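Number of protein chains: 4
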Amino acid sequence: MLVCACSASKYFGRKLAKATGSGYLEIETRRFPDGELYVRVCGDVAGESVVLVQSMYKEPNDRLVEYLLTARTIKELGAEALIGVVPYLPYARQDARFKPGEAVSLEIVLDLLAHAGTDRLVVVDAHLHRVPDLSEISRIPVHNLTVMDRLGEYLRANLDLSEPLVLAPDEEAEQWAKVVAEILGTDYRALSKERLGDREVSVAGELELEERDAVIVDDIISTGGTTAAAARLAKEAGARKVVAACSHAILALGAEHRIFSAGVEELVASDTVPSPYSVVSAVPPVAGLLEKIAGS
Amino acid sequence: MLVCACSASKYFGRKLAKATGSGYLEIETRRFPDGELYVRVCGDVAGESVVLVQSMYKEPNDRLVEYLLTARTIKELGAEALIGVVPYLPYARQDARFKPGEAVSLEIVLDLLAHAGTDRLVVVDAHLHRVPDLSEISRIPVHNLTVMDRLGEYLRANLDLSEPLVLAPDEEAEQWAKVVAEILGTDYRALSKERLGDREVSVAGELELEERDAVIVDDIISTGGTTAAAARLAKEAGARKVVAACSHAILALGAEHRIFSAGVEELVASDTVPSPYSVVSAVPPVAGLLEKIAGS
Amino acid sequence: MLVCACSASKYFGRKLAKATGSGYLEIETRRFPDGELYVRVCGDVAGESVVLVQSMYKEPNDRLVEYLLTARTIKELGAEALIGVVPYLPYARQDARFKPGEAVSLEIVLDLLAHAGTDRLVVVDAHLHRVPDLSEISRIPVHNLTVMDRLGEYLRANLDLSEPLVLAPDEEAEQWAKVVAEILGTDYRALSKERLGDREVSVAGELELEERDAVIVDDIISTGGTTAAAARLAKEAGARKVVAACSHAILALGAEHRIFSAGVEELVASDTVPSPYSVVSAVPPVAGLLEKIAGS
Amino acid sequence: MLVCACSASKYFGRKLAKATGSGYLEIETRRFPDGELYVRVCGDVAGESVVLVQSMYKEPNDRLVEYLLTARTIKELGAEALIGVVPYLPYARQDARFKPGEAVSLEIVLDLLAHAGTDRLVVVDAHLHRVPDLSEISRIPVHNLTVMDRLGEYLRANLDLSEPLVLAPDEEAEQWAKVVAEILGTDYRALSKERLGDREVSVAGELELEERDAVIVDDIISTGGTTAAAARLAKEAGARKVVAACSHAILALGAEHRIFSAGVEELVASDTVPSPYSVVSAVPPVAGLLEKIAGS
Numbered sequence: 004m005l006v007c008a009c010s011a012s013k014y015f016g017r018k019l020a021k022a023t024g025s026g027y028l029e030i031e032t033r034r035f036p037d038g039e040l041y042v043r044v045c046g047d048v049a050g051e052s053v054v055l056v057q058s059m060y061k062e063p064n065d066r067l068v069e070y071l072l073t074a075r076t077i078k079e080l081g082a083e084a085l086i087g088v089v090p091y092l093p094y095a096r097q098d099a100r101f102k103p104g105e106a107v108s109l110e111i112v113l114d115l116l117a118h119a120g121t122d123r124l125v126v127v128d129a130h131l132h133r134v135p136d137l138s139e140i141s142r143i144p145v146h147n148l149t150v151m152d153r154l155g156e157y158l159r160a161n162l163d164l165s166e167p168l169v170l171a172p173d174e175e176a177e178q179w180a181k182v183v184a185e186i187l188g189t190d191y192r193a194l195s196k197e198r199l200g201d202r203e204v205s206v207a208g209e210l211e212l213e214e215r216d217a218v219i220v221d222d223i224i225s226t227g228g229t230t231a232a233a234a235r236l237a238k239e240a241g242a243r244k245v246v247a248a249c250s251h252a253i254l255a256l257g258a259e260h261r262i263f264s265a266g267v268e269e270l271v272a273s274d275t276v277p278s279p280y281s282v283v284s285a286v287p288p289v290a291g292l293l294e295k296i297a298g299s
Numbered sequence: 004m005l006v007c008a009c010s011a012s013k014y015f016g017r018k019l020a021k022a023t024g025s026g027y028l029e030i031e032t033r034r035f036p037d038g039e040l041y042v043r044v045c046g047d048v049a050g051e052s053v054v055l056v057q058s059m060y061k062e063p064n065d066r067l068v069e070y071l072l073t074a075r076t077i078k079e080l081g082a083e084a085l086i087g088v089v090p091y092l093p094y095a096r097q098d099a100r101f102k103p104g105e106a107v108s109l110e111i112v113l114d115l116l117a118h119a120g121t122d123r124l125v126v127v128d129a130h131l132h133r134v135p136d137l138s139e140i141s142r143i144p145v146h147n148l149t150v151m152d153r154l155g156e157y158l159r160a161n162l163d164l165s166e167p168l169v170l171a172p173d174e175e176a177e178q179w180a181k182v183v184a185e186i187l188g189t190d191y192r193a194l195s196k197e198r199l200g201d202r203e204v205s206v207a208g209e210l211e212l213e214e215r216d217a218v219i220v221d222d223i224i225s226t227g228g229t230t231a232a233a234a235r236l237a238k239e240a241g242a243r244k245v246v247a248a249c250s251h252a253i254l255a256l257g258a259e260h261r262i263f264s265a266g267v268e269e270l271v272a273s274d275t276v277p278s279p280y281s282v283v284s285a286v287p288p289v290a291g292l293l294e295k296i297a298g299s
Numbered sequence: 004m005l006v007c008a009c010s011a012s013k014y015f016g017r018k019l020a021k022a023t024g025s026g027y028l029e030i031e032t033r034r035f036p037d038g039e040l041y042v043r044v045c046g047d048v049a050g051e052s053v054v055l056v057q058s059m060y061k062e063p064n065d066r067l068v069e070y071l072l073t074a075r076t077i078k079e080l081g082a083e084a085l086i087g088v089v090p091y092l093p094y095a096r097q098d099a100r101f102k103p104g105e106a107v108s109l110e111i112v113l114d115l116l117a118h119a120g121t122d123r124l125v126v127v128d129a130h131l132h133r134v135p136d137l138s139e140i141s142r143i144p145v146h147n148l149t150v151m152d153r154l155g156e157y158l159r160a161n162l163d164l165s166e167p168l169v170l171a172p173d174e175e176a177e178q179w180a181k182v183v184a185e186i187l188g189t190d191y192r193a194l195s196k197e198r199l200g201d202r203e204v205s206v207a208g209e210l211e212l213e214e215r216d217a218v219i220v221d222d223i224i225s226t227g228g229t230t231a232a233a234a235r236l237a238k239e240a241g242a243r244k245v246v247a248a249c250s251h252a253i254l255a256l257g258a259e260h261r262i263f264s265a266g267v268e269e270l271v272a273s274d275t276v277p278s279p280y281s282v283v284s285a286v287p288p289v290a291g292l293l294e295k296i297a298g299s
Numbered sequence: 004m005l006v007c008a009c010s011a012s013k014y015f016g017r018k019l020a021k022a023t024g025s026g027y028l029e030i031e032t033r034r035f036p037d038g039e040l041y042v043r044v045c046g047d048v049a050g051e052s053v054v055l056v057q058s059m060y061k062e063p064n065d066r067l068v069e070y071l072l073t074a075r076t077i078k079e080l081g082a083e084a085l086i087g088v089v090p091y092l093p094y095a096r097q098d099a100r101f102k103p104g105e106a107v108s109l110e111i112v113l114d115l116l117a118h119a120g121t122d123r124l125v126v127v128d129a130h131l132h133r134v135p136d137l138s139e140i141s142r143i144p145v146h147n148l149t150v151m152d153r154l155g156e157y158l159r160a161n162l163d164l165s166e167p168l169v170l171a172p173d174e175e176a177e178q179w180a181k182v183v184a185e186i187l188g189t190d191y192r193a194l195s196k197e198r199l200g201d202r203e204v205s206v207a208g209e210l211e212l213e214e215r216d217a218v219i220v221d222d223i224i225s226t227g228g229t230t231a232a233a234a235r236l237a238k239e240a241g242a243r244k245v246v247a248a249c250s251h252a253i254l255a256l257g258a259e260h261r262i263f264s265a266g267v268e269e270l271v272a273s274d275t276v277p278s279p280y281s282v283v284s285a286v287p288p289v290a291g292l293l294e295k296i297a298g299s
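Listed in order, the protein sequences are those of chains E, Y, D and U.
Residue numbers for the first sequence follow this note's numbering, so the first one is 4 and each next one is one higher.
Residue numbers for the second sequence follow this note's numbering, so the first one is 4 and each next one is one higher.
Residue numbers for the third sequence follow this note's numbering, so the first one is 4 and each next one is one higher.
Residue numbers for the fourth sequence follow this note's numbering, so the first one is 4 and each next one is one higher.
Since the hints were derived computationally from the structure, they do not count as laboratory data.
A hint or two may mislead.
Copies of the same chain look alike in the list, so a pair counts if it fits in one copy or across any two.
What the hints assert, rightly or not - Straight-line C-alpha distance at most 20 Å; calculated EDC-like pairs for lysine to aspartate or glutamate:
id: 1; residue 1: 181; residue 2: 152
id: 2; residue 1: 102; residue 2: 31
id: 3; residue 1: 78; residue 2: 114
id: 4; residue 1: 244; residue 2: 174
id: 5; residue 1: 102; residue 2: 47
id: 6; residue 1: 181; residue 2: 47
id: 7; residue 1: 295; residue 2: 105
id: 8; residue 1: 295; residue 2: 175
id: 9; residue 1: 78; residue 2: 163
Quick caveat: nothing in here was measured; it's all calculated off a predicted structure.
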């Protein structure tokens with residue numbers, strides 16, 4: 004097995020190669036002055052099983068196209084199998100045609116990944132609302148791993164939480180709140196969220212948090228609006244300390260202000276989206292899965 | 004026939020609908036705070052023959068992904084046929100594997116366009132070096148139209164050129180120099196270009212231009228390095244006035260300084276890449292082709 | 004007088020030099036791979052009166068910093084006077100501290116332009132709401148020119164308007180509606196606008212437009228929300244044809260869809276922000292002012 | 004003392020407030036659809052001594068303008084003193100007019116920081132070539148702190164280096180190589196670098212590295228060209244293992260491939276530019292200095 008990575012995930016790829024004891028294959032990517040990408044696979048992949056890592060945060064289209072160019076080339080060069088590792092899978096929100104005529108972007112992106120030669124896809128805490136298993140809407144098997152247990156362990160080991168209540172800001176996040184609550188040995192609650200626009204949400208739920216800390220758990224923090232709304236609710240309910248944990252800290256401009264000014268004292272996230280808040284790594288679960296696949 | 008356009012080519016699409024007497028279909032595109040695109044086809048396309056326009060300049064990856072999302076959705080909504088109009092086709096440079104392991108981006112992009120549901124592709128003055136006809140490397144028919152005749156007519160009608168010599172900065176541009184020279188009723192010469200890096204070129208050729216103007220003709224001006232080198236050569240050869248004409252004025256940061264400081268006095272281009280230099284339109288040739296296709 | 008231009012306004016600068024019969028001075032700007040700009044003034048400016056043009060649209064911060072680097076350098080190199088021409092002046096909206104603690108960005112930007120060595124500033128149709136004259140809040144004289152008369156003339160000469168009513172979407176735009184109405188020889192109306200967020204507005208007013216065309220006039224079209232709201236109101240009031248005219252067509256992603264799907268049939272703008280809709284030029288009024296200044 | 008931070012350094016600012024036991028002041032920054040920034044200081048700063056943090060990497064102009072808007076506003080709101088902390092100071096390269104007419108960007112940027120109301124500036128490992136002390140070319144005192152000792156300690160504690168030789172890729176980096184060499188208890192060598200373009204360099208020096216590891220030390224890794232050239236030289240000289248350490252890991256697209264494919268096995272950097280390679284923090288030295296200033 005050979006591991007390689009596109010430009011957004013060089014660090015992840017190198018750690019993954021080490022963790023799985025695989026060879027690391029260099030991929031050269033440059034950008035021309037006109038914005039086009041140049042991609043070169045720097046090694047022999049003929050007959051190999053290749054793992055290609057690219058997390059698609061912040062400039063999702065640039066990163067998707069880079070992946071498509073690289074994956075297709077790896078296959079053209081004779082790789083036997085290609086496992087795509089996309090720690091942060093974009094476009095997961097648009098998993099249905101809510102209004103007539105909308106692009107179902109999630110399905111289109113999954114199809115593009117498969118079409119480029121990906122035989123098997125590995126993602127981390129994909130934002131699944133209406134589709135319980137990505138494999139159902141994909142031509143190739145999709146493995147959806149989680150870092151929530153690692154975030155839970157980190158919270159338990161490093162934050163001195165007092166009788167924490169784990170909060171899911173909406174129903175979809177309940178699954179993750181449950182995992183974290185179990186590790187912290189405490190209870191959890193799902194709030195109900197209403198989206199008021201691309202950037203605004205309201206979160207509701209009756210809470211009693213006197214003398215307790217609150218841990219808000221979600222898959223993605225993008226604008227921070229949801230986390231901020233949940234934090235304000237927790238503070239109003241008397242919470243002592245509020246912390247937030249997420250798999251993917253996208254943190255669009257303004258998000259940090261939004262969540263910290265709402266009362267969040269600590270933010271922890273994984274390295275699927277590298278940031279100063281990346282305290283746990285998604286490399287071990289990915290490595291574990293790859294070893295299982297290789298061994299089967 | 005219905006005409007619609009992605010975000011980079013709304014103007015082109017609306018003019019094209021008028022020129023062909025077709026209905027115009029609205030496409031809504033928004034960008035979420037995390038960089039993802041939202042696409043919605045605002046109308047009924049079932050059973051229709053749809054023309055989708057998107058010129059892919061400056062942010063080629065963003066524009067390619069937007070096209071892929073839109074095209075696929077149009078097909079899913081039941082369009083009978085989809086004609087893709089890509090006035091500026093990116094990635095045309097990388098039409099071969101020059102070094103082992105390189106992505107042959109042009110082939111991959113053409114395949115993506117076809118895979119998204121495009122049944123027929125229309126491009127303008129595609130940068131073809133080694134592949135004489137894009138249809139040869141594409142699963143779908145590709146029509147490569149030209150605006151060089153229009154640029155030639157514009158030069159003849161609006162610039163007071165004195166005994167002009169038309170210059171092609173390299174062999175590939177000779178085809179376009181010939182067209183312009185014929186319209187101007189004069190001769191042309193192809194120079195020989197050597198690429199010294201992503202941003203540097205040298206251009207050579209023996210020229211005698213005393214008392215003559217020079218018209219440099221090329222398909223794309225990106226960094227302006229090639230045009231600038233040709234202009235310097237023309238000035239050294241005694242040219243009176245130097246003007247430059249190109250189909251696609253990409254004009255990366257610094258390009259205008261480069262070409263104007265090399266002695267170019269006037270720059271003219273088409274509207275495949277909108278700029279203050281867009282003096283002729285690619286709409287009429289595209290409209291003409293669409294009418295021919297519709298009539299056949 | 005020497006005219007020169009930063010990277011966003013090379014075309015404007017060259018036309019301005021021609022229109023005023025001034026020398027044109029080359030400015031070289033490059034971008035390093037780390038995002039920093041390199042600026043070089045390519046000529047002798049000692050003792051000269053220099054005009055520096057930079058329109059600050061789309062990437063206002065990049066363009067502002069480029070201007071500051073260039074202006075300061077021109078002064079350090081001994082220019083006697085520096086006239087800054089900023090066809091599109093950004094940050095004009097934030098001309099007061101609406102909430103405690105807000106940056107009054109307009110004043111800060113004007114101060115930066117002065118601090119960089121600008122002795123006199125020329126802008127076009129600046130978005131003035133609360134400040135009637137920019138000179139009042141600037142350390143240097145500011146000339147606020149207009150292209151509204153040119154837009155009016157264009158509309159009269161090129162669009163076959165039937166009994167048009169000119170609409171100002173809000174009170175601030177009334178001044179421009181008046182100018183255009185006079186040229187068209189017709190009446191105008193100001194609507195009342197309410198801002199509901201960064202991207203949403205509502206526009207109200209009682210209109211009777213049966214058998215009449217509507218011409219919506221504003222200084223800037225950014226998201227297109229205001230123009231779209233006015234267009235819908237006009238259509239509801241029975242307007243036959245709706246056209247829109249603005250000085251600065253910023254056109255953020257989605258704006259064109261917004262305004263055209265609201266019923267606008269034609270959009271016209273100036274070249275302060277180059278776009279396919281630039282039908283009139285701000286060069287003549289700027290040239291006229293410069294000649295008056297030079298002659299005084 | 005109150006600590007606050009612009010959008011690129013929220014994390015740094017919050018850690019700095021904790022480390023110094025200061026209050027943390029929220030700053031709200033948003034971006035309008037037209038690219039302009041909105042800044043609001045969310046608290047009372049009248050009569051206060053305020054520390055404003057903003058590291059200016061990757062989009063240096065955006066970040067500089069955000070700082071200028073924020074700093075000026077803090078002063079307008081009555082802050083008694085403003086200490087600017089710019090962990091990564093951009094434009095340090097252009098500290099002289101190498102060719103006639105060039106902008107001396109470093110001086111201009113320092114002047115802008117002072118003009119915005121900064122009374123004292125704190126930077127980390129500024130790229131000083133010709134100017135030994137930034138205070139000499141600045142109107143305000145500039146403190147140039149270092150994280151090189153922390154990088155040295157990290158290397159000593161965490162990497163199992165065998166008889167390492169510390170390499171400075173050029174003369175300017177010699178100062179840092181010396182610091183790291185002392186901590187590692189070993190010797191160092193400065194190589195001689197020649198710049199061949201914005202993106203290309205050559206590095207020369209006679210080395211004998213059989214059975215030894217090499218530690219390449221520099222202030223900034225931007226394109227990675229210099230580090231890669233030094234790494235290749237080290238490998239050719241027989242180095243066993245090559246690691247690289249820098250204060251600021253800018254890492255433009257392609258840099259990671261460049262340095263890792265040249266033989267670098269490990270890269271370590273500080274959090275002045277957050278990246279997955281940020282293993283040490285610049286917060287402690289900044290906190291130490293602030294306490295000294297406050298105590299004086």
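Cross-check of the supplied hints:
1. 181 x 152: within (10 Å within a copy, 44 Å between copies)
2. 102 x 31: Classified as between; 12 Å across copies, 41 Å inside a copy.
3. 78 x 114: both (16 Å within a copy, 14 Å between copies)
4. 244 x 174: neither (23 Å within a copy, 48 Å between copies)
5. 102 x 47: Intra 47 Å, inter 13 Å, cutoff 20 Å: inter-copy only.
6. 181 x 47: neither (45 Å within a copy, 41 Å between copies)
7. 295 x 105: neither (38 Å within a copy, 31 Å between copies)
8. 295 x 175: neither (28 Å within a copy, 50 Å between copies)
9. 78 x 163: neither (49 Å within a copy, 38 Å between copies)
Hint check: violations occur at hints 4, 6, 7, 8 and 9; the rest are consistent with the structure.
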